[in-house]
Amino acid sequence: MTDGAAALPAEAAAEPEWQRLHPATLALAIVKLGPRTVNFLPALAAIGIAGKWIYVLPALGAFLLISLVVAWFAWLRFRFLVGSDEIVIESGVFARQHRTIPFDRIQDVSIEQGLIARALGIAKVGFETGAGGDKKDEARLDAIGLDAAQALRTTIRAHRGDTVPAAATPTSGEDADEATASPATEDRLLFAMSPRRLLIAGLFNFSLAALAVVGAGMQLFDNLLPFDFNIFNPVDWFDLAERYGLEQWIVAHRWVAGVGALLSLLFIGFASGVLMMVLANWGFRLTREPRALRRTRGLTTRTDVALPVRRVQAAILVTGWLRKRFDWHELRLQSLARDGEKEKDHQVVPFGHLSEIDPVLGEIAIRRPDAAQPWEHSHRVIAAGGLFGALCAAAGGTIAMLLGQPLGGIGIAAGALIAAVTLFSARFHSWTDLPDMVAIRRGWLKPKTTLLPHASVQSVDLKSDFILRPLGLATLVFGVPGGSALGSHEIPAIPLATAQALRTRILAARSRA
Amino acid sequence: MTETVAVHPVDPFDAHALNAAEGLDSVDPAFSHVLRITTLFNMLPIAIGATVLDVMVVREVGGPYGLLSVLAWLLGVIAVVTFPARRAQRWGFKIGEGQLRVARGWLFRTDTIVPFVRVQHIDVGQGPVERWFGLSHLVVHTSGTHNSTVTLPGLRADLAAAMRETIRRHIQTDFA
Numbered sequence: 001m002t003d004g005a006a007a008l009p010a011e012a013a014a015e016p017e018w019q020r021l022h023p024a025t026l027a028l029a030i031v032k033l034g035p036r037t038v039n040f041l042p043a044l045a046a047i048g049i050a051g052k053w054i055y056v057l058p059a060l061g062a063f064l065l066i067s068l069v070v071a072w073f074a075w076l077r078f079r080f081l082v083g084s085d086e087i088v089i090e091s092g093v094f095a096r097q098h099r100t101i102p103f104d105r106i107q108d109v110s111i112e113q114g115l116i117a118r119a120l121g122i123a124k125v126g127f128e129t130g131a132g133g134d135k136k137d138e139a140r141l142d143a144i145g146l147d148a149a150q151a152l153r154t155t156i157r158a159h160r161g162d163t164v165p166a167a168a169t170p171t172s173g174e175d176a177d178e179a180t181a182s183p184a185t186e187d188r189l190l191f192a193m194s195p196r197r198l199l200i201a202g203l204f205n206f207s208l209a210a211l212a213v214v215g216a217g218m219q220l221f222d223n224l225l226p227f228d229f230n231i232f233n234p235v236d237w238f239d240l241a242e243r244y245g246l247e248q249w250i251v252a253h254r255w256v257a258g259v260g261a262l263l264s265l266l267f268i269g270f271a272s273g274v275l276m277m278v279l280a281n282w283g284f285r286l287t288r289e290p291r292a293l294r295r296t297r298g299l300t301t302r303t304d305v306a307l308p309v310r311r312v313q314a315a316i317l318v319t320g321w322l323r324k325r326f327d328w329h330e331l332r333l334q335s336l337a338r339d340g341e342k343e344k345d346h347q348v349v350p351f352g353h354l355s356e357i358d359p360v361l362g363e364i365a366i367r368r369p370d371a372a373q374p375w376e377h378s379h380r381v382i383a384a385g386g387l388f389g390a391l392c393a394a395a396g397g398t399i400a401m402l403l404g405q406p407l408g409g410i411g412i413a414a415g416a417l418i419a420a421v422t423l424f425s426a427r428f429h430s431w432t433d434l435p436d437m438v439a440i441r442r443g444w445l446k447p448k449t450t451l452l453p454h455a456s457v458q459s460v461d462l463k464s465d466f467i468l469r470p471l472g473l474a475t476l477v478f479g480v481p482g483g484s485a486l487g488s489h490e491i492p493a494i495p496l497a498t499a500q501a502l503r504t505r506i507l508a509a510r511s512r513a
Numbered sequence: 001m002t003e004t005v006a007v008h009p010v011d012p013f014d015a016h017a018l019n020a021a022e023g024l025d026s027v028d029p030a031f032s033h034v035l036r037i038t039t040l041f042n043m044l045p046i047a048i049g050a051t052v053l054d055v056m057v058v059r060e061v062g063g064p065y066g067l068l069s070v071l072a073w074l075l076g077v078i079a080v081v082t083f084p085a086r087r088a089q090r091w092g093f094k095i096g097e098g099q100l101r102v103a104r105g106w107l108f109r110t111d112t113i114v115p116f117v118r119v120q121h122i123d124v125g126q127g128p129v130e131r132w133f134g135l136s137h138l139v140v141h142t143s144g145t146h147n148s149t150v151t152l153p154g155l156r157a158d159l160a161a162a163m164r165e166t167i168r169r170h171i172q173t174d175f176a
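Chains A and B, in that order, give the protein sequences.
The working numbering applies: residue 1 is where the first sequence begins, and numbers increase by one.
The working numbering applies: residue 1 is where the second sequence begins, and numbers increase by one.
Hints in this document: simulated from the structure, not taken from any laboratory.
Since the model is a prediction, treat every value here as computed from it, not as a measurement.
Heads up, some of the hints might be wrong.
[Unchecked claim] Okay, the calculated bits of chain A under chain B, using three or more residues with CB under 8 Å as the criterion:
1) 454–461
2) 475–481
[What the hints assert, rightly or not] With the Cβ distance kept under 10 Å, some of the chain A side facing chain B (calculated, not the full set):
3) Lys344
4) Ala400
5) Asp465
6) Ser488
7) Glu490
8) Arg503
9) Thr504
[As the list claims (entries may be wrong)] Footprint (simulated), chain A over chain B, 3 or more residues, beta carbon under 8 Å:
10) 109–122
11) 143–157
In this text, a Cβ means the ideal position worked out from N, Cα and C, and glycines have one as well.
Based on the sequences and whatever the hints tell you, model everything.
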């Protein structure tokens, strides 16, 4: 994607301005060494087992020293240059890599700060170029001073700002499109999370996963904890009661111990939900900039990400069966860029009412279908896969029970549960076709609505198989740039003629501009 | 795309009828030979492995000696003789109206359409077996995560090259 044409000018003239990463980066390297020594543990253990304990400390020291020297060399051999219309990065200790990124090709600059980086006043800078593919391949500066990072972003933004008026020529048609598509000229706040909102969101974020971790940890460290108390163990609650002379009463009312355990379970579930929400979304701000949506958030790790509006491919509304009743929704945007290393799509509204989400959708020129919109349902046969799974689980359970393993009952129960959930959820698959986009709804426990503009669709599959074909049904699968947490976008099991008509209509759309 | 679809059953064993009903062209008949030879190369090691296992293990432990070998070779022969021709017949394609349409499979049939304007780049490839029969395969890359590559095998080399040229003329990127 990086073209050579813009990379020509005056490298020699700018030669003296080579910069290094912030020296504090080395301090960060030391911190990063911590987890890496884990790799070294087996070797240490081997030395220890061999009875040569005296060598353990020197070996560890040598390892740390070598790692530090390597980090130092890497730092020494990494330099970058901010030219007038490009950034040049040279890296590599032995194999040198020379990379030129023209400012024109930088969609935006993301800034990320971890806890330690914040203490040191440095930030990791990522350059978002048009190139799809692996995040590992993206150019990054890890790390430079925060003020330098912000200055760099301003420089690049200003450069792009210059090119917009000049770009009315067809040679850079993409810029011209953009100028007309995004009339916004100054930064506007679109959405923010107040502490109160964070608290509510956290309560809905009740997390059983964290609970499992805490439970496992309690089991594991039962003997190590300063207090000998496992909240999941009703016996411990008896002990507690005994200590306060409540023993007699508790024995008479055994259920109280159970309630105690349950209450603490609930408490941990809610507390971890709130904690996770606060850590991730503290100080959440979504602003509209001339060509991008910019999101800053995070308590410990603070991130500052810009999502170019033009590159948004689809919007996904996620809610829950309970939060839906209180009109709480989450908005994610799918684009070519990935959100950090983990997330495939960008969460732009973590927790908000539809009335707050609509303006955000408006910025990316997507309109939510109104209440009067008729939705068409997928055929119930989509439950077949889940039912087959349920059948397998039940069959396995039955065989286990026949072989005298009473735990097989779990399989049968799970099979019945899966079947019930699948049959019930199958009713919630529906879709509707709007003039320039298709909306797909699915799920009951966690309803998801995908708003997919026709123009984002790169290819369409029409699939049928030995179950759908006799019923005159087909499944449409859309190829859309960028990944989403949902995997692929599809409308399952709709009448063949409808599917073909829809496919024709979608493919007739012009590309998204 | 304007064809009326027979909701009802095209004879699954008459693949030409299948493609004709969906308005598709069939791939070159020689493609079945390519598939056959590829299948042969896949099945041969399995069959030989089964025989070795039979001789080395089953005979030693006194199991039903010979059963495994016969079964493996029989299945291998069936796979090589019968299926490739059908698999080849069930590939269909249509190029034109600004889009490429590729259909494959029967039990699980997938019918993909890629508009030319959405194509990022195109490959024409030729494996050693394909070369024997003068065939090529066309690979179309899109920027979609699903269907990032669409492969159409079993094209005569000159046809594949011509298709590439047709598509190439339409390629335009709309991403910055």
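Hint-by-hint comparison with the structure:
no., hint, in the structure
1, 454–461, "holds (count 5)"
2, 475–481, "holds (count 5)"
3, Lys344, "holds, 9 Å"
4, Ala400, "violated, 27 Å"
5, Asp465, "holds, 5 Å"
6, Ser488, "holds, 4 Å"
7, Glu490, "holds, 8 Å"
8, Arg503, "holds, 7 Å"
9, Thr504, "holds, 5 Å"
10, 109–122, "holds (count 9)"
11, 143–157, "holds (count 7)"
Hint 4 from the earlier list is the only one contradicted by this structure; the remaining hints agree with it.
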